[in-house]
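Chemist: The chain contents come next:
Protein chains: 2
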Amino acid sequence: MSPNLCLLTVVPTPVRRRCALHYILLHLLGYKLSMDDLKSFRQVDSLTPGHPESSHTDGIEVTTGPLGQGISNAVGLAAAQAHMAATFNKEGFDLITNHTYAFLGDGCLQEGVASETCSLAGHLQLGNLIALYDDNHITIDGETDVSFTEDVVKRFEAYGWHVQVVKDGDNNLESIYNAIVEAQKVKDKPSLIKVHTTIGFGSAKQGTESVHGSPLKADDIVNIKKKFGFDPEQKFHVPDEVYATYNAIGVRGAEAEAKWDALLAQYAQKHPEEHKELTRRIRGDLPEGWEKKLPVYKPGEKNAASRKYSEIVLQAISAGIPELVGGSADLTGSNLTRVKEAVDFQPPSTKLGSYAGRYFRYGVREHGMGAIMNGLSAYGGIIPFGGTFLNFVSYAAGAVRLSALSQHHVLWVATHDSIGLGEDGPTHQPIETAIHLRAIPNLHFWRPADGNETSAAYLFALQAKGTPSVLSLSRQTLPNLENSTIEHAVKGGYVLHDVEGENLNIVSTGSEVQIAVAAAELLAKEGVKTRVISLPCWEVFDAQPKEYQLQVFRSGAPYLSLEAYTTVGWQKYSHEQYGLAAWGASGPYDKVYEKFGITGPNIAAVGKKVAEFYQKRGGEVISPILHAI
Amino acid sequence: MSPNLCLLTVVPTPVRRRCALHYILLHLLGYKLSMDDLKSFRQVDSLTPGHPESSHTDGIEVTTGPLGQGISNAVGLAAAQAHMAATFNKEGFDLITNHTYAFLGDGCLQEGVASETCSLAGHLQLGNLIALYDDNHITIDGETDVSFTEDVVKRFEAYGWHVQVVKDGDNNLESIYNAIVEAQKVKDKPSLIKVHTTIGFGSAKQGTESVHGSPLKADDIVNIKKKFGFDPEQKFHVPDEVYATYNAIGVRGAEAEAKWDALLAQYAQKHPEEHKELTRRIRGDLPEGWEKKLPVYKPGEKNAASRKYSEIVLQAISAGIPELVGGSADLTGSNLTRVKEAVDFQPPSTKLGSYAGRYFRYGVREHGMGAIMNGLSAYGGIIPFGGTFLNFVSYAAGAVRLSALSQHHVLWVATHDSIGLGEDGPTHQPIETAIHLRAIPNLHFWRPADGNETSAAYLFALQAKGTPSVLSLSRQTLPNLENSTIEHAVKGGYVLHDVEGENLNIVSTGSEVQIAVAAAELLAKEGVKTRVISLPCWEVFDAQPKEYQLQVFRSGAPYLSLEAYTTVGWQKYSHEQYGLAAWGASGPYDKVYEKFGITGPNIAAVGKKVAEFYQKRGGEVISPILHAI
Ligand SMILES: [Ca+2]
Ligand SMILES: [Ca+2]
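Each protein sequence line maps, in turn, to chains A and B. In this text, residue positions in the first sequence follow full-length UniProt numbering: the first is 1, and each later residue adds one. In this text, residue positions in the second sequence follow full-length UniProt numbering: the first is 1, and each later residue adds one.
Bound-form chain A, shown alone (with noise of 0.2 Å):
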């Protein structure tokens, strides 16, 4: 049973100092850490690396480190609480109850996902959410009143929180355990709690920004050991009193998971309908035959945009995995994220939704959804999705790339991908974002040609435990094409149209498949005999077997690629590349492609050029995949 479903959860904040506290207070407790582990602090391939890591040292619940998103995380383990409460517990089972508890600093206040996420737990009423703040008035670059004078009471009470002040947090340990036990009561506003705080409270140095990342010198720590009734002589060394009382919580705790375990037990006599569907939830399995429902095509048939086949697909699909918990950050008409029977996740008293609703209204916060989403994947049980605009994923970008570093199951439901989206223009047009993404490691970037290739991307990207995807889809109409195949696309890239002895390859992605596919009729009339290959995931494709790959890429003929973005990257697959070389325009989608020669007939063009420069050049044309290391 996840641990995060019965006990306290915890999110570090990222600093140096609290992360060391983390790594000791998880020692003390019992977790996997020994002493050894806290000696190799920030050592290569220790397991106390200099930020945390959730998928990395037992016990971490999420990776913070960069700030802003330890906070944004919580509010998504609240949320998550507040979710799986509403949608297991029963009269009698109170299964799911747990409060999340979260260490924030002045840095991580300043960041704007944090305000994003603060804001949206205070409309959403997580009760259950306790955020300790710790004012210390220091950060790197020395007083806060460098830059960070505003009313952070007053701006979390203008967000719905419940808000109290310790003012002595040095000293006064009785006033953090009481305002603690009142935040617990409030049950329909998060909480914050401000302890003033003295950084390095003890040393020589206290309330100074020096204390923040320099270590502290040696007579100074032992002032500090004598001062708090330490031997000062003796490193790494645990008292045996402070184990014992340490392990007396870890005792209490082993009742608490005992009695839960109990609980559940009970649960699963008097529900076993739902106990079963909890635990198959919690160890991430997904319902059997899901992905029987995927709509599968025929060519030519019921044409749409990548964005409605998408909607498609999580229309005929949800109703059968009730851990999709989906949502957008403001733009549901135009993600087409929102399925007929949705009930949005709100407080019972908007009426506008209850917690067990599955569609989150994020806001125009797409920062903040990417970190929420990933507190959601962490909490267990949920497999998040959000969409925007995929030029707006890159606002996000803090919290994907952790998503990818953490191995959260998160999907991105990104549409109007590309000059397709049109009039909007250049400001929303996508240049860089499919390379940024494709670099990524661990993050899967599906960019789908047609219906039968989007239920594919979903197909891998749900199955896909442990890595987040984002799928790039289209606002413009795209047909279904011939030889396409859900059992073709999961590959990653396959070749969808085949020639012998072809004297050109075309390979391209989502949209602009249909166009190579139009050049290559083009040019098989002019005597050039052109293969097409469809690539929607370089990821996926790269962990086929290289035999497979050889196919797909066989040597022979040049490989042109063609996609309505930045070039920079497809080198790695073609020996020349067809794409945009800088910015997008605005205007009617077919125009726009038009003006950047994106086009049957240019391709066609460009594509015999490439055919003819290398008959001329003479020699075998090496695949571009074929390589030394």
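Hints may be right or wrong, so weigh each one.
Note that the list lumps identical chains together, so a pair holds whenever it fits in one copy or between two copies.
With a Cα cut of at most 20 Å, we get these calculated EDC-like pairs of lysine to aspartate or glutamate [said to hold, decoys possible]:
(1) 225 to 590
(2) 572 to 539
(3) 351 to 145
(4) 194 to 157
Simulated from the structure, these hints should not be mistaken for laboratory data.
Given the coordinates of chain A, assemble chain B with the ligands onto it according to the supplied hints.
Modeler: Same frame as chain A, but now just chain B with the ligands:
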């Protein structure tokens, strides 16, 4: 003379209807925007794209579009006004006095970047900034009730803003006027005027989200025109009295400009030096001979981290380039961005600096810093630079791409640029960042290998009017290399170590170039003759004459790329790639490099394998940059 300096600055927000309104106002006020331009709204190659672009349309001062950027640019414009006023105004010469006006909606306020910049604007007491918040209670997803229920008035008061509420913005235009007059009187706080309005006022659909994106129906338009006293039959028609009214405003503006020009002429008499300096800065010309101060190094001399070389450059040139206005997102001591004699840009009442100060304390607000720098640049007379870790430039991706699209002359001092940052670990170590930034059109990503290359990066970046640059700098020490010179490096790429009859070429950047050199030395001992190419800036290298490019990347032997990032993208310049397959690791930097095999001996072993593979394959090895198209 830049009108930015003498007229009111108006920053539009991105929503379509405001954008149309903006274009219409520009037309009525006599900017270069004809009725035909208005008719081709959102058409290819028109002057009226779907979202306004500053480099594209007369009278557009910043490129907004993506939500949150407009108000954040406005903060930058207002800060620029405060700085230029403090620098150039003299007794009797209130030359620089403009207000900055911004219009924003609910969406803008939800974006984190707006929270960051509005918090800072409050801290900075930017009294000449006036923001009108169009509170129409509607976003694309419907009522703001679904996701945005915070108390905006209270939040902005918490930021230290002066806030007013206009209750009937639909009918009581006088109350809006009066609120603006009140706001103008407040000199020590930015002002927010919350104006309650009805979206689509006058339409049958008024007050609903359907007015947001969809056009009104024909009969509805007829009714609205009648309601407001226009001829319902006429389209794209401006009654003469409307032209006359706006023409009078244009005349008033021209009079104000003439008066201002006269004041400037007197200023030239009384303060000739300041006048020369002000006009030079507004033209965007650098002071003559500034580049002579750039540090030059001999091989092996004064080895340092490239962030330190950068500090030495800044220290050397800052006094000579007063328009260089820098800062850091709370990493001053790490980014090394503050020169010794710097004065902070602060409201005088804080006693921490003055508005004439040239060093910005941005706080932990990377995205906000990016958007503010765009505003500073747009104002004229300022070349802003900002420091953070390279990894956190990703937080600011939304603003960075707009720098490039809008041709803002902005510099990012992006330190701690790889796994070389060491202990902070994978959450802070960029992998995908370099290729992301390289893929943004009109953005120069520089990764200098040593002192001379760092000087070259500043030389080029400061001369590249209309192009933003990111300088990717190391935390760890880098030796000054044999054959690295400013003259070589400003070409973006050059042969650092040449041999005849090479068996291998290694192409590298930044901190890995020294490792490539070490590998080449080891390889030479084994009879593998190896050239080393340093490629500090792809974009600049690509702009060199093809002949030069082919001298550097001549055919004959394979090219192996070496960079401590993802290898994605390097296929453009190499046949084989060495880099990071996934995430970095936390540890002392030399141990981390060792873990990933980025050492002289290992790269020599890899290089040998590559050379042998291509020798065995036979045939000519053709330059990776030789193409058909
Ligand atoms: Ca702090
Ligand atoms: Ca609105």
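Chemist: Now tell me, hint by hint, if it's right for this structure.
Modeler: Evaluation of the provided hints:
no.	hint	verdict
1	225 to 590	neither (72 Å within a copy, 33 Å between copies)
2	572 to 539	both (12 Å within a copy, 18 Å between copies)
3	351 to 145	between (42 Å within a copy, 11 Å between copies)
4	194 to 157	both (12 Å within a copy, 19 Å between copies)
Violation of the numbered hints given earlier is confined to hint 1; every other hint is satisfied by the structure.
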